[in-house]
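Asks: As a plain string of letters, each chain reads:
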Amino acid sequence: MTTADLHVIPRGVSLWQDAWTRLRKNKLAMAGLVFLLLVTLLCLLTPWLVAYGYEQQDLRLGAVPPSADHWLGTDTFGRDQLTRILYGGRMSLAVGFIATAVALLIGVTYGAIAGYAGGRIDNAMMRLVDMLYALPFMIFIILLMVVFGRNLLLLFLAIGAVEWLTMARIVRGQILSLRQQEFVEAAVSLGLGPVAIVWRHLIPNALGPVIVYTTLTIPNVMLLEALLSFLGLGVQAPAASWGLLISSGVETMEEYPWLLIFPGLTLTLSLFALNFLGDGLRDALDPRTAKD
Amino acid sequence: MAHVIFGINLTLAIPALPLMHSHETILKASALLLLSLLLSACGGESGGREARVDEGIRLGVLHKGNGAEPQGLDPHTTSGIPENHIITALFEGLVSKNPQTLEVEPGVAESWDISEDGLSYTFHLRHDARWSNNDPLTAEDFRWSWQRAMTPALANVNSYMFFPIVNAEAFATGEISDFTQVGVEVSDPYTLQVRLRAPAPYLLQLFDHHTTYPVHRATIESFGDPSDRLTAWARPGNLVGNGPFLLTEWEVNSRLRIEKNPQYWDSAAVQLSAVVFYPTENLTTEERMFRDGQLHYTEDVPIDKVPVYLRNEPDLIEISPYLGTYFYIVNTKKAPFDDVRVRKALALSIDRQLLVETVLQGLYEPAYALVPPGTLGYQPPRVFEYDPEEAKRLLAEAGFAGGQGFPPFEILYNTHEQHQKIAVTLQQMWQQTLGIQATLLNQEWQVYLDTQKNRNYGISRRSWIGDYVDPNTFLDMYISGGGNNYTGFSNARYDEIVLHVAPRTADRQQRYTLYKEAETLLMNEMPILPIYTYRSKHLMSPCIQGMPENIMDWITWKYVYLECPAQ
Amino acid sequence: MWRFTVLRVLQAIPVILTVITLTFFLIRAAPGGPFSSEKAVSPQVQAALEARYRLDQPILQQYFSYLADLAHGDLGPTFRYPGRTVDELIVDGLPITAELGFYALMIALVLGVTAGVVASLKPNTLQDYVPMGAAMVGICMPSFLLGPLLVLVFGIWLQWLPVSGWGSTPGDKLLPSITLGAMYAGYIARLSRAGMLEVLSQDYLRTARAKGLPEYVVILKHALRGGLFPVVSYLGPAFAYLLSGSFVVETIFQIPGLGRFYIQAAFNRDYTMILGTTVFLATLIVVFNLLSDIAATWLNPRLRYQYK
Chain A
1 MTTADLHVIP RGVSLWQDAW TRLRKNKLAM AGLVFLLLVT LLCLLTPWLV AYGYEQQDLR
61 LGAVPPSADH WLGTDTFGRD QLTRILYGGR MSLAVGFIAT AVALLIGVTY GAIAGYAGGR
121 IDNAMMRLVD MLYALPFMIF IILLMVVFGR NLLLLFLAIG AVEWLTMARI VRGQILSLRQ
181 QEFVEAAVSL GLGPVAIVWR HLIPNALGPV IVYTTLTIPN VMLLEALLSF LGLGVQAPAA
241 SWGLLISSGV ETMEEYPWLL IFPGLTLTLS LFALNFLGDG LRDALDPRTA KD
Chain B
1 MAHVIFGINL TLAIPALPLM HSHETILKAS ALLLLSLLLS ACGGESGGRE ARVDEGIRLG
61 VLHKGNGAEP QGLDPHTTSG IPENHIITAL FEGLVSKNPQ TLEVEPGVAE SWDISEDGLS
121 YTFHLRHDAR WSNNDPLTAE DFRWSWQRAM TPALANVNSY MFFPIVNAEA FATGEISDFT
181 QVGVEVSDPY TLQVRLRAPA PYLLQLFDHH TTYPVHRATI ESFGDPSDRL TAWARPGNLV
241 GNGPFLLTEW EVNSRLRIEK NPQYWDSAAV QLSAVVFYPT ENLTTEERMF RDGQLHYTED
301 VPIDKVPVYL RNEPDLIEIS PYLGTYFYIV NTKKAPFDDV RVRKALALSI DRQLLVETVL
361 QGLYEPAYAL VPPGTLGYQP PRVFEYDPEE AKRLLAEAGF AGGQGFPPFE ILYNTHEQHQ
421 KIAVTLQQMW QQTLGIQATL LNQEWQVYLD TQKNRNYGIS RRSWIGDYVD PNTFLDMYIS
481 GGGNNYTGFS NARYDEIVLH VAPRTADRQQ RYTLYKEAET LLMNEMPILP IYTYRSKHLM
541 SPCIQGMPEN IMDWITWKYV YLECPAQ
Chain C
1 MWRFTVLRVL QAIPVILTVI TLTFFLIRAA PGGPFSSEKA VSPQVQAALE ARYRLDQPIL
61 QQYFSYLADL AHGDLGPTFR YPGRTVDELI VDGLPITAEL GFYALMIALV LGVTAGVVAS
121 LKPNTLQDYV PMGAAMVGIC MPSFLLGPLL VLVFGIWLQW LPVSGWGSTP GDKLLPSITL
181 GAMYAGYIAR LSRAGMLEVL SQDYLRTARA KGLPEYVVIL KHALRGGLFP VVSYLGPAFA
241 YLLSGSFVVE TIFQIPGLGR FYIQAAFNRD YTMILGTTVF LATLIVVFNL LSDIAATWLN
301 PRLRYQYK
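As given, the protein sequences belong to chains A, B and C, one line each in that order.
Residue numbering for the first sequence follows the working numbering, starting at 1 and increasing by one per position.
Residue numbering for the second sequence follows the working numbering, starting at 1 and increasing by one per position.
Residue numbering for the third sequence follows the working numbering, starting at 1 and increasing by one per position.
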């Protein structure tokens, strides 16, 4: 090869670009992404968008079906449902993202350490994970919420604490297999310390499954929050979350079906979107499951 | 790269090993089971089967939704309404009540004499009263039962009801351990004498409270120490009672069944053959069970369904005044609530009419005093009105004009849809009228009770259901230092009336005038913010007879029967 | 193999012990006690109650007494239902929850596997999209949304099925089982589809087809085994999920199972009931996971080396 040929080396496509191209072709995943972005945007901008306060009551009005004044109807207090669903979205999405972030943080750190350290440290750490895996977390979460009152922060932490285990396992598995590769040996011989290796080389390469799993964890977390709210242990009135709205909607679903349909639809569609997106990401990032 | 789903490492799982026929077997087995499940469902086509209520009418079996699962059936260790409904069917006290008027009627005691000074009651028991195992029922049974009920080790939360009796309080608190010093005497097997330390005009009503019911000594003693609340005597097959019914079946969280007791002295008058109680904590589910033909009678009705029934099926819903008040208590020792003007401002700015009409579906009565109207003829005084202007003025006078500088506070309530709705509404009302900020704090029942008892609250939701039909059961809550007085309210004249003057007043009307004075004193200080008085609401099959509405929602089981009105 | 089993069993013991200890101290940290009543109780009554339930002892002593009783299988009296013991209530509630879980799992397996297999046979066509779409609905719709909807349609509008209860009216077991099983049907459908897709492209199937075997034999006898292995691995964790899912379903349908007892106990601060149920459920989960692990490892020896 002459130096002239260097100029015509074809530009490689990075993993991410390749994945993005494949993701774009997946219509369901893209639809999910768009939906999510839309919902997130709406929820973020809610305080500036809405005409009513989420606590604002109009007792004389009571519960009315969708109308020009109230696009999604009102509840028995006369509170505008569209507003409450949007605020509920802020809450539910916040719980989803934050709790997942907590899980991510703890899980990645833990898994990376275990995977990189290997040997006995890894063994011990994974043993702990196995033990924790066996604990009936649902039971503990219920207990926690009952014992310490329904504190939002506690909710985030509790849910995050349940989900980090699997994250740790995935990251560890990834790191374990990546650790053997040559580029790591090269980095070591270059004199890079373990922290730098893990942070700059291993974790970025392990990101694929982590991203997929994160996207799939968010809906689980949101469901968990909804479930806790349904049992009376999650978000408290008069704040709204989709779970809470659904559980009150269930009580009156015969007389005022719109109080159940709209929050239910919103939650289900958001979960759909997240799951399709997660699936799409998994297909995009894992060459083996590619349909083409 | 590992193909990871749910953290299960499936890399090693993909290459198929010759697994046994396990999968196919599992699949076939599941399909079969599924089929049988579906078939079992088909057997229950509602067109073909008789609804439970119709079968009940035919057989004389009443199916009742009973609220929470009863904690127990020992009359001396329980204290809830669901338990009460069952216990009043399994046991009978000295007296009974007329189902309509709630005036006292003979029970185990055929007749009684009251001394001139009201300090001595002599009960003559009927000679034909028996226990369900045919043992005779005597005055000694009452004496022994009351001793048990007052024994400190048993920890009976209702033992305070015996306190009008001489030395009862001393015995119950462990000051004295010799029950013979307590004013209960058995002069002969069928005569029971009770001596009081002060007159108590409501005493006879008290003797229909289940804590005074007799229990069968031999049975209890055969299960261990009588003052051990954990023995298993109160179970089907063990329980011996003296009431119109026997306990035959009890599956916790599922159903409890009682059947007619042939040993009951008045069993000829009992027309039902059995009653089945179902735990129904969820009101919506209870209502569906009623509609589905599974219940004749529900304990309550979801508030949103009330207008629907009133409109479409008014014969099925029964709403009547109930001996209870819903109010908010204020911690008078905690600033800014230590200023009576602040408390009054809070009370005057609640639009009770609006609350009742909208959030409560017009169901309850706005309350402006503690005692519900109609408590055996008593009418409470009306000391204040809804007056937002006056409220604002009072708040300004207290130094918080327009709500400026008023510290944010919490409204405490226990977790329940209803309490939440009301708290949310009051929060809004105070915000809009007075400009003050409240947040809502809801806690589990247990925690909530503790918080109140420890005075860790500013404003809290409270309610009180009367133990017996007399204003005294409400008013004696707020004597100085009363165990149920969590507000710190204390007024010497109030104490005087409630503890000394009124009990000694024989004439009912005069007594009621004194009570009005006491209530006025209470409302002038406003340690409590009355909100509404209760109504009981039930869905009731028109085929239930002998269960007229009354202010205690009391069911005298021996008069109840099932007969459908002619169409 | 034995060494592996013993090792796993030994590992399980500290887990259970941790659960017991954690729960014990956690619940004691809770404010409010099991006896709080709306009416004030005199100090004597309160003291008597606490003495009877050993609550007046120092907490460590209570802990060790509890462990001692536990060794005898005695889980203590419940606080809420005087005269009944925790063991009794567990014995009452467990068969019901087990039955519910079992039916739910069966429904999940049958529906899920069928959907997954059918979908995998013609990927990216309607035959794929429809069952997988249904699976997604099962996953994304929470049980407390699905349950009431089913009740509304089948119980109230059509009046085909009862709205609540378990075993008291014919047919009342169907809706709760479906509600609980729906989510797992969804997951199992996806798992089996993925597994089947992997397997269907394998060479040994081509061999089978080349031998002239009819397609359905190829699928049922050869592909299914490999394709469904992920489902078998999922059963262990599925059990735990089912148990927690049953809490909600039992609440919705008023089923007197263990899940509902547990929730009530938590709200009522019934210490011994909470502790007893938690210990029991945790032990069950641990045992089940253990069995599932052992079974999976027995079937696939390579997994044994995970712990080296």
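Hints listed in this document are in silico derivations from the structure and should not be mistaken for laboratory results.
Computed from a prediction, not measured in an experiment: that's the story for all the values here.
A couple of the hints might just be wrong.
Said to hold, decoys possible - Computed footprint of chain B on chain C, listed as stretches where at least three residues anywhere in the stretch have a Cβ under 8 Å from a Cβ of chain B:
1) 68–81
2) 157–164
3) 265–277
Using N, Cα and C, we set each Cβ at its ideal position, and we do this for glycine too.
Asks: Hint compliance check: list the failing hint numbers for this structure, sorted ascending.
Replies: No numbers; nothing is violated.
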